[in-house]
Amino acid sequence: MSDGCAAPAGGVSLDGVDLAKESVIQGVVTRADDDPVAGAYVRLLDASGEFTAEVPTGDAGEFRFFAGPGRWTLRTLAPRSSPVDRLVVAQRGAIAEVRVTIGA
Amino acid sequence: MSRETALVSADWVEQHRNDPNVVLVEVDEDTSAYDKNHIAGAVRLDWKADLQDPVRRDFVNKEQFEALLASRGIGNDDTVVLYGGNNNWFAAYAHWYFKLFGHPDVRLLDGGRKIWELESRELVTDVPQRPAAEYTASDPDLAIRAFRDEVVAAIGAKNLVDVRSPDEFAGRLLAPAHLPQEQSQRGGHIPTARNIPWSKAASDDGTFRSDDELRALYGDAGLDLATDTIAYCRIGERSAHTWFVLHELLGVSNVKNYDGSWTEYGSLVGVPIAVGDEPGEAT
Numbered sequence: 001m002s003d004g005c006a007a008p009a010g011g012v013s014l015d016g017v018d019l020a021k022e023s024v025i026q027g028v029v030t031r032a033d034d035d036p037v038a039g040a041y042v043r044l045l046d047a048s049g050e051f052t053a054e055v056p057t058g059d060a061g062e063f064r065f066f067a068g069p070g071r072w073t074l075r076t077l078a079p080r081s082s083p084v085d086r087l088v089v090a091q092r093g094a095i096a097e098v099r100v101t102i103g104a
Numbered sequence: 105m106s107r108e109t110a111l112v113s114a115d116w117v118e119q120h121r122n123d124p125n126v127v128l129v130e131v132d133e134d135t136s137a138y139d140k141n142h143i144a145g146a147v148r149l150d151w152k153a154d155l156q157d158p159v160r161r162d163f164v165n166k167e168q169f170e171a172l173l174a175s176r177g178i179g180n181d182d183t184v185v186l187y188g189g190n191n192n193w194f195a196a197y198a199h200w201y202f203k204l205f206g207h208p209d210v211r212l213l214d215g216g217r218k219i220w221e222l223e224s225r226e227l228v229t230d231v232p233q234r235p236a237a238e239y240t241a242s243d244p245d246l247a248i249r250a251f252r253d254e255v256v257a258a259i260g261a262k263n264l265v266d267v268r269s270p271d272e273f274a275g276r277l278l279a280p281a282h283l284p285q286e287q288s289q290r291g292g293h294i295p296t297a298r299n300i301p302w303s304k305a306a307s308d309d310g311t312f313r314s315d316d317e318l319r320a321l322y323g324d325a326g327l328d329l330a331t332d333t334i335a336y337c338r339i340g341e342r343s344a345h346t347w348f349v350l351h352e353l354l355g356v357s358n359v360k361n362y363d364g365s366w367t368e369y370g371s372l373v374g375v376p377i378a379v380g381d382e383p384g385e386a387t
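If you're matching them up, the sequences are chains E and X in order. All residue numbers for the first sequence refer to the working numbering, where the first residue is 1 and numbers rise by one. All residue numbers for the second sequence refer to the working numbering, where the first residue is 105 and numbers rise by one.
Note that these hints are calculated values from the structure, not bench results. It is possible that some hints are incorrect.
What the hints assert, rightly or not - Calculated Cβ distances over 10 Å to all of chain X for the following chain E residues:
{"#": "1", "residue": "D35"}
{"#": "2", "residue": "T73"}
{"#": "3", "residue": "V88"}
{"#": "4", "residue": "Q91"}
{"#": "5", "residue": "G103"}
What the hints assert, rightly or not - Residues from chain E shown here face chain X by an in silico Cβ test under 7 Å; the list is partial:
{"#": "6", "residue": "A7"}
{"#": "7", "residue": "G39"}
{"#": "8", "residue": "L44"}
{"#": "9", "residue": "T52"}
{"#": "10", "residue": "A53"}
{"#": "11", "residue": "D59"}
{"#": "12", "residue": "E62"}
{"#": "13", "residue": "F65"}
{"#": "14", "residue": "A67"}
{"#": "15", "residue": "P79"}
None of these values were measured; they are calculated from a predicted model. Just so you know, even glycine gets a beta-carbon here, dropped at the ideal spot from N, CA and C.
Please model the complete structure; the sequences and the hints are all you need to start from.
Okay, here's the thing in structure tokens:
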């Protein structure tokens with residue numbers, strides 16, 4: 001695992017991660033025609049709306065966070081699109097899958 | 105120090121793309137970002153392989169920094185413009201190194217890689233070949249770097265600013281939420297530290313907020329900038345972002361970055377830790 005603080009495109013791999021201890025939020029960003037969006041920026045905001053993390057999407061539009069249990073907001077920024085917010089609930093030991101569709 | 109001498113816009117970078125005295129430098133933790141593409145003419149610095157000592161947990165020293173910049177073709181008289189991913193966290197960290205070693209003219213691209221990508225500006229794969237230069241660094245300026253003993257002594261005495269997310273500050277998360285949460289350090293924060301997340305100083309697109317907004321941010325948080333301030337995060341790069349805001353944009357001179365940050369503090373034996381959303385008391 002990285003010992004830095006940066007987010008690699010698509011998110012950190014689940015290899016070697018004890019999922020029972022994690023509250024994973026992951027998914028893909030697509031345009032309305034289902035084309036995945038690489039290089040979009042997905043921001044994870046806490047229940048108060050404060051920034052908690054951000055990941056650029058990978059080549060297949062994928063992203064992943066290791067949040068805590070609770071309610072979160074995913075805010076997605078992409079070129080030529082307005083920001084899109086999606087609410088998500090994370091639980092320990094579970095993977096919350098989210099599909100984000102952006103305009104244009 | 106001011107916004108005019110510390111920051112450049114994306115337009116400014118495009119206008120200076122053929123200026124031989126301007127060196128663009130991309131700094132990422134994930135060096136594959138540069139390999140994939142980068143702004144035309146930019147050279148790369150790796151925050152770890154290039155800026156950290158390969159054996160001891162510390163920076164490169166003066167001689168290593170001189171050799172690094174010489175090899176990248178960067179001279180003392182060049183205007184260095186740093187940018188990178190993650191909202192310029194690692195570019196700000198490298199910027200702080202350049203200041204530590206006395207580089208006269210070093211700036212950040214406002215918004216970093218993100219604004220460049222969101223505005224669909226040109227990115228290339230060509231790697232520039234810059235001839236080696238001569239570089240002479242100053243001795244490290246320890247007026248901008250804090251060490252652990254000074255941090256422990258600052259509890260209840262100086263401003264401690266924890267720039268991590270509220271959940272990391274409280275101890276509910278042990279790392280930024282794009283990383284797995286199983287970590288060796290304890291959770292929480294240094295007692296009496298105020299939580300002013302780095303992200304409050306930037307817009308969603310990664311550009312810095314206006315000087316007036318920034319002054320209001322720290323003022324509303326009750327931070328008396330006449331008192332010495334130490335900023336920290338987890339490994340020192342998000343706090344370099346806040347150091348940049350306070351020292352370079354707002355011109356506050358008595359600010360240090362604690363680069364050991366929570367990775368060091370949360371592993372120390374016997375030091376006090378506060379958990380929860382409140383700063384906590386000095387004991």
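Hints, one by one, checked against the model:
| no. | hint | verdict |
| --- | --- | --- |
| 1 | D35 | 16 Å, holds |
| 2 | T73 | 12 Å, holds |
| 3 | V88 | 12 Å, holds |
| 4 | Q91 | 14 Å, holds |
| 5 | G103 | 15 Å, holds |
| 6 | A7 | 4 Å, holds |
| 7 | G39 | 6 Å, holds |
| 8 | L44 | 5 Å, holds |
| 9 | T52 | 4 Å, holds |
| 10 | A53 | 4 Å, holds |
| 11 | D59 | 10 Å, violated |
| 12 | E62 | 12 Å, violated |
| 13 | F65 | 5 Å, holds |
| 14 | A67 | 5 Å, holds |
| 15 | P79 | 5 Å, holds |
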